[in-house]
Amino acid sequence: MAETPSILLVEDTASLAAVYTSYLKRSGYESTQVMSGKEALHELGEGGYRVILLDLQLPDMDGIEILRMVQEQKLPVAVVIITSNASVNVAVESMRLGAYDFLEKPFSADRLIVTVRNALKHMQLSEMVEAIKERTHFYGFIGSSFAMQSIYRTIDSAATSKATVFITGESGTGKEVCAEAIHKCSPRAEKPFVPLNCGAIPKDLMESEIFGHVKGAFTGAIGNRDGAATQADGGTLFLDEICEMDLDLQTKLLRFIQSGTFNKVGSTRLEKVNIRIVCATNRSPLQEVQAGRFREDLYYRLHVIPIHLPPLRDRDEDILEIAKSFLIDYAKEEGKEFKSFSAEAIELINNYSWPGNIRQLQNVIRNSIVLNEGQVLTADMLPSLRGVNTGFSEYKGNVPGRNVDGNRDRSKLDAVELLPSGNHFAEISQSTEITPLWMVEKEAIETAIKTCDGNIVKAASLLDINPSTIYRKKVQWKELEKKTS
Amino acid sequence: MSNEVGEETIPFLVEQFCADLRTHLTGVLNAARMHNAEELQRESHTLKSVSGTFGALRLQEQMRLINESCRCGDHKHAIELAVSADEIGALTMEAYQGS
Numbered sequence: 001m002a003e004t005p006s007i008l009l010v011e012d013t014a015s016l017a018a019v020y021t022s023y024l025k026r027s028g029y030e031s032t033q034v035m036s037g038k039e040a041l042h043e044l045g046e047g048g049y050r051v052i053l054l055d056l057q058l059p060d061m062d063g064i065e066i067l068r069m070v071q072e073q074k075l076p077v078a079v080v081i082i083t084s085n086a087s088v089n090v091a092v093e094s095m096r097l098g099a100y101d102f103l104e105k106p107f108s109a110d111r112l113i114v115t116v117r118n119a120l121k122h123m124q125l126s127e128m129v130e131a132i133k134e135r136t137h138f139y140g141f142i143g144s145s146f147a148m149q150s151i152y153r154t155i156d157s158a159a160t161s162k163a164t165v166f167i168t169g170e171s172g173t174g175k176e177v178c179a180e181a182i183h184k185c186s187p188r189a190e191k192p193f194v195p196l197n198c199g200a201i202p203k204d205l206m207e208s209e210i211f212g213h214v215k216g217a218f219t220g221a222i223g224n225r226d227g228a229a230t231q232a233d234g235g236t237l238f239l240d241e242i243c244e245m246d247l248d249l250q251t252k253l254l255r256f257i258q259s260g261t262f263n264k265v266g267s268t269r270l271e272k273v274n275i276r277i278v279c280a281t282n283r284s285p286l287q288e289v290q291a292g293r294f295r296e297d298l299y300y301r302l303h304v305i306p307i308h309l310p311p312l313r314d315r316d317e318d319i320l321e322i323a324k325s326f327l328i329d330y331a332k333e334e335g336k337e338f339k340s341f342s343a344e345a346i347e348l349i350n351n352y353s354w355p356g357n358i359r360q361l362q363n364v365i366r367n368s369i370v371l372n373e374g375q376v377l378t379a380d381m382l383p384s385l386r387g388v389n390t391g392f393s394e395y396k397g398n399v400p401g402r403n404v405d406g407n408r409d410r411s412k413l414d415a416v417e418l419l420p421s422g423n424h425f426a427e428i429s430q431s432t433e434i435t436p437l438w439m440v441e442k443e444a445i446e447t448a449i450k451t452c453d454g455n456i457v458k459a460a461s462l463l464d465i466n467p468s469t470i471y472r473k474k475v476q477w478k479e480l481e482k483k484t485s
Numbered sequence: 486m487s488n489e490v491g492e493e494t495i496p497f498l499v500e501q502f503c504a505d506l507r508t509h510l511t512g513v514l515n516a517a518r519m520h521n522a523e524e525l526q527r528e529s530h531t532l533k534s535v536s537g538t539f540g541a542l543r544l545q546e547q548m549r550l551i552n553e554s555c556r557c558g559d560h561k562h563a564i565e566l567a568v569s570a571d572e573i574g575a576l577t578m579e580a581y582q583g584s
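Order-wise, the sequence lines are chains A and B. The end of the first sequence is residue 485 by this note's numbering, with every number in the run present. The end of the second sequence is residue 584 by this note's numbering, with every number in the run present.
Just to be clear, a hint being listed does not mean it is correct.
Claimed, not checked - Mimicking SDA-like on lysine to any residue, the simulated pairs with C-alpha atoms at most 25 Å apart in a straight line are:
{"#": "1", "chain 1": "A", "residue 1": "Lys-38", "chain 2": "B", "residue 2": "Ala-504"}
{"#": "2", "chain 1": "A", "residue 1": "Lys-25", "chain 2": "B", "residue 2": "Gly-491"}
{"#": "3", "chain 1": "A", "residue 1": "Lys-25", "chain 2": "B", "residue 2": "Cys-503"}
{"#": "4", "chain 1": "A", "residue 1": "Lys-324", "chain 2": "B", "residue 2": "His-562"}
{"#": "5", "chain 1": "A", "residue 1": "Lys-25", "chain 2": "B", "residue 2": "Thr-494"}
{"#": "6", "chain 1": "A", "residue 1": "Lys-38", "chain 2": "B", "residue 2": "Gln-501"}
{"#": "7", "chain 1": "A", "residue 1": "Lys-74", "chain 2": "A", "residue 2": "Ser-108"}
{"#": "8", "chain 1": "A", "residue 1": "Lys-25", "chain 2": "B", "residue 2": "Gln-501"}
{"#": "9", "chain 1": "A", "residue 1": "Lys-25", "chain 2": "B", "residue 2": "Glu-500"}
{"#": "10", "chain 1": "A", "residue 1": "Lys-25", "chain 2": "B", "residue 2": "Ser-487"}
{"#": "11", "chain 1": "A", "residue 1": "Lys-25", "chain 2": "B", "residue 2": "Asn-521"}
{"#": "12", "chain 1": "B", "residue 1": "Lys-561", "chain 2": "A", "residue 2": "Ala-86"}
{"#": "13", "chain 1": "A", "residue 1": "Lys-25", "chain 2": "B", "residue 2": "Met-486"}
{"#": "14", "chain 1": "A", "residue 1": "Lys-184", "chain 2": "B", "residue 2": "Arg-527"}
{"#": "15", "chain 1": "B", "residue 1": "Lys-561", "chain 2": "A", "residue 2": "Asn-85"}
{"#": "16", "chain 1": "A", "residue 1": "Lys-25", "chain 2": "B", "residue 2": "Val-490"}
{"#": "17", "chain 1": "A", "residue 1": "Lys-121", "chain 2": "B", "residue 2": "Val-490"}
{"#": "18", "chain 1": "A", "residue 1": "Lys-25", "chain 2": "B", "residue 2": "Gly-512"}
{"#": "19", "chain 1": "A", "residue 1": "Lys-38", "chain 2": "B", "residue 2": "Glu-492"}
{"#": "20", "chain 1": "A", "residue 1": "Lys-25", "chain 2": "B", "residue 2": "Arg-527"}
{"#": "21", "chain 1": "A", "residue 1": "Lys-25", "chain 2": "B", "residue 2": "Glu-492"}
{"#": "22", "chain 1": "A", "residue 1": "Lys-38", "chain 2": "B", "residue 2": "Thr-494"}
{"#": "23", "chain 1": "A", "residue 1": "Lys-25", "chain 2": "B", "residue 2": "Ala-504"}
{"#": "24", "chain 1": "A", "residue 1": "Lys-25", "chain 2": "B", "residue 2": "Lys-561"}
{"#": "25", "chain 1": "B", "residue 1": "Lys-561", "chain 2": "A", "residue 2": "Lys-74"}
{"#": "26", "chain 1": "B", "residue 1": "Lys-561", "chain 2": "A", "residue 2": "Arg-301"}
{"#": "27", "chain 1": "A", "residue 1": "Lys-25", "chain 2": "B", "residue 2": "Pro-496"}
{"#": "28", "chain 1": "A", "residue 1": "Lys-272", "chain 2": "A", "residue 2": "Pro-187"}
FYI, nobody ran anything at the bench for these hints, they're computed from the structure.
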């Protein structure tokens, strides 16, 4: 039988207390009954109650005083007022002081039970919210934003499963941190976590890296070697940048995932391991499938539990929280005295778009600490963030034609290089001729698409609009161009 | 009420009701005799809840009228109503004790 929640009944009239206790008991709720305010306060001090049924007319005090005390001390208990004096004033005052509900005597058993049940559910939800809100750190993650709380919950749920996890997100958003968190939360936490970057290893060595090889399998194979799959036996294998894997190896990986068995390079012996696979990519896996660079059957085999890590710019209040954490850590590591940011520095950090995400933030903070002295990290110690804001207020810290280091480098595809140059718009604003807004918008969107090599989905994402908006506007432009021609 | 609390609990609850009826009806009558408006208001408030919960509607209504008169400051009327509550209270007791 499940543990019964604790209900405190504060009612000084014996017959009423007996009736209410009977109502509760018949519905499976146990309660403690007291007959005075003093006893109620004592019981509350003992703790353990989730709901109080509180009569206002007590022999030694007004029940409102108890309600007031509960609110002042922020006790985690829902107060239900029970009184036959149901004036509007009393009801309003009670609710203003934080009462959960108000029952006018006489009330039926159904009314009481529904109210108690709802109050208990309310307390349960409140406790869940509090538990979630408290998570400012989670296995290497720093951040209490709503977006990250959702990620933490997904990791909690995914960790206990054996199902494959597919992590996506821009570079520097913490995909490996996420994979490690999943491993540490899982029953495999005591077993190995083996990461493998599929983009960092030469393609002809990749198969050996994953599955191992036997002596003589190829030139340079001077001994037997266990691959990552064997090393991760019982634990977790993390395949980072999985979209970099070539198609032939994808076939072998698919067979491995399906059967749990593989052959080492150069060996005919079938090996069997028990691993949980987590993979990640900073590309769009579906686009890779559509482009023929990733096997569709492997995609669906891997894409069982997707986790998308939000870019840092979408994590608002986390940016400063993470920056502060880096400040403290690196100041300690470098033997510097930095303790805080200036207000201007905070504004710069919050307003920058961080296309390199957390990794970039980490580098900027570390760089600033190493090159400067003082207790307060000021804005002039963050030269890479200064002067990068443009007139496009919807884009944080964006300088057209410049990369994240502020250098003119159009050869590098960068999230900030999407908008026409500020000079161009300065010319427009100085011209006596006013260009229709749709043309201005068209030029901005077409430039973005061109910069993204015709990838409308990517251009839309970076312009912070829906891809369907671009398609719709293209149709509108055709009509407008017909009208103006 | 037997549906809500179970048939087996009714005798105990009726006993509790009769005890409270005796206590608080006495309280009402004493307060009226002593012209103690504050006490009369409190006792009638309690007896109103008790009688309403146990379905003694006539007594509940009488207590409601007394309580309201006290709240409005019409203590004379409240005392007059309290005097006639004695008979209603006795009839209620008789009905419940006989059940």
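Item to complete: Just pull the numbers of the violated hints for me, sorted ascending.
Response: 4, 7, 11, 14, 18, 19, 20, 22, 24, 25, 26
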